[in-house]
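Numbering-wise, UniProt numbering puts 85 at position 85 of the sequence shown, and it's gapless, one number per residue.
For the record, the hints were derived by calculation from the structure and aren't laboratory data.
Among the clues, some could well be false.
With a Cα cut of at most 27 Å, we get these calculated DSS-like pairs of lysine-lysine [as the list claims (entries may be wrong)]: (1) Lys34 with Lys15; (2) Lys15 with Lys38; (3) Lys34 with Lys127; (4) Lys15 with Lys127.
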Amino acid sequence: MQLQQTPVKFSAAQKVVVWEAFDVADPMVTAAGKLYEKTLTADERIPWMWIEQSVQDRTKSKPRPGGWSRHLILAAPEGRQDDPDALAGYVYGALLPGYGGYLCYVGVAESARRMGVGGRLYDQFFKVLRVAAGELGESLPFVVWESHRPDPTAPAADWENWTARTRLFDRVGGLWVDGVDFLSPNFAFDEEDDDAPPVPLQLFIKPMDVPEAAFTPERLRDVVVGGLHRQVYRNEPGSPLYDRTLPPGCEPRLRPARAAGVRKSERGELV
1 MQLQQTPVKF
11 SAAQKVVVWE
21 AFDVADPMVT
31 AAGKLYEKTL
41 TADERIPWMW
51 IEQSVQDRTK
61 SKPRPGGWSR
71 HLILAAPEGR
81 QDDPDALAGY
91 VYGALLPGYG
101 GYLCYVGVAE
111 SARRMGVGGR
121 LYDQFFKVLR
131 VAAGELGESL
141 PFVVWESHRP
151 DPTAPAADWE
161 NWTARTRLFD
171 RVGGLWVDGV
181 DFLSPNFAFD
191 EEDDDAPPVP
201 LQLFIKPMDV
211 PEAAFTPERL
221 RDVVVGGLHR
231 QVYRNEPGSP
241 LYDRTLPPGC
251 EPRLRPARAA
261 GVRKSERGEL
271 V
C-alpha cells in the first residue's frame, strides 16, 4: 500500500512535534498505518490492526497485571498535527514488566528524512517508557530493538540506508549486540508454515538504568533468549529459531552501533 502524501517541506529550524496516539479513529493513526506498510517489508511486520488494537486498549481497558504497556508515538511539523498528509514518522513499542523496553517498529516519511525526526521519535519513546516503568514502581534497565541488515549482495542504496540508520542508532545512544543474528519469524508466511525462512535481524540496546559495563555476554544472552525469544516471540529451547540464534560458543558483546553498518562480503571481508 502506497502512502499518498503532499511533500512536507522542512527547514532546519522547523519544530517537529511528537505525541502519543490514544484515538484509533484518528486519521493520523490511519496515516501511520500506511507509512508502516510503506517503510517495512511484509516479512518484518505484524498486521497493523494489532497495533490499532493496542491503541484502543490504552483507553478502553485497564492494563492486566504484568501485561505489556504498549505505545504508538507520532511526529509531524508544528501546526500540522491534524493533517495526515504531513505525518513525518511513527514509533511503536512496549514496556515489558520485569524485563525492559522493546522498540518494535519505527518509520520516517521519505520527505522528512535527515531532519532529526528519527532522533526525536527515539528520544520520546525512551521518555514514555521511563514514565511507564515509574508508574509500575520499576526501573528501566534498557531498551532493545531489532533492525534488518541488507544482504551482502544488496544494491549500494540499501547499504547507504543501513549505514545512515546505524548512525542514527549511535546518536540516540544505541549499542550493537555483535555476534548475534537474531532469527525472527517471517510474517509474510502463515505462522504454522514450517518452511518459512526466518528473518535474520541485528539487535541494538540502549542502556538506561543499568550501565553498559553490566551487559556481560551472559546478560546479553539472557536479554536475547530470556526476553525476546521467550516473552516476545514465545520460542523455547529446542525450537529452531531459539537454538540457531545463540549456537554453542556464541559470545555476544556490545559495540558502537555504527560498527554494524560496515558492509562485508559473503566471505566476511570488508568491501
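Verification of the supplied hints:
About 23 Å separates the Cα atoms of Lys34 and Lys15, which keeps this hinted pair within 27 Å; it holds. Distance restraint check for Lys15 and Lys38: the Cα-Cα separation of roughly 25 Å lies within the 27 Å cut-off, and the hinted pair is therefore satisfied. Our distance criterion of 27 Å between C-alpha atoms is met by Lys34 and Lys127, whose separation comes to about 25 Å. For the suggested pair Lys15 and Lys127, the alpha carbons sit about 19 Å apart, so the restraint of at most 27 Å is met.
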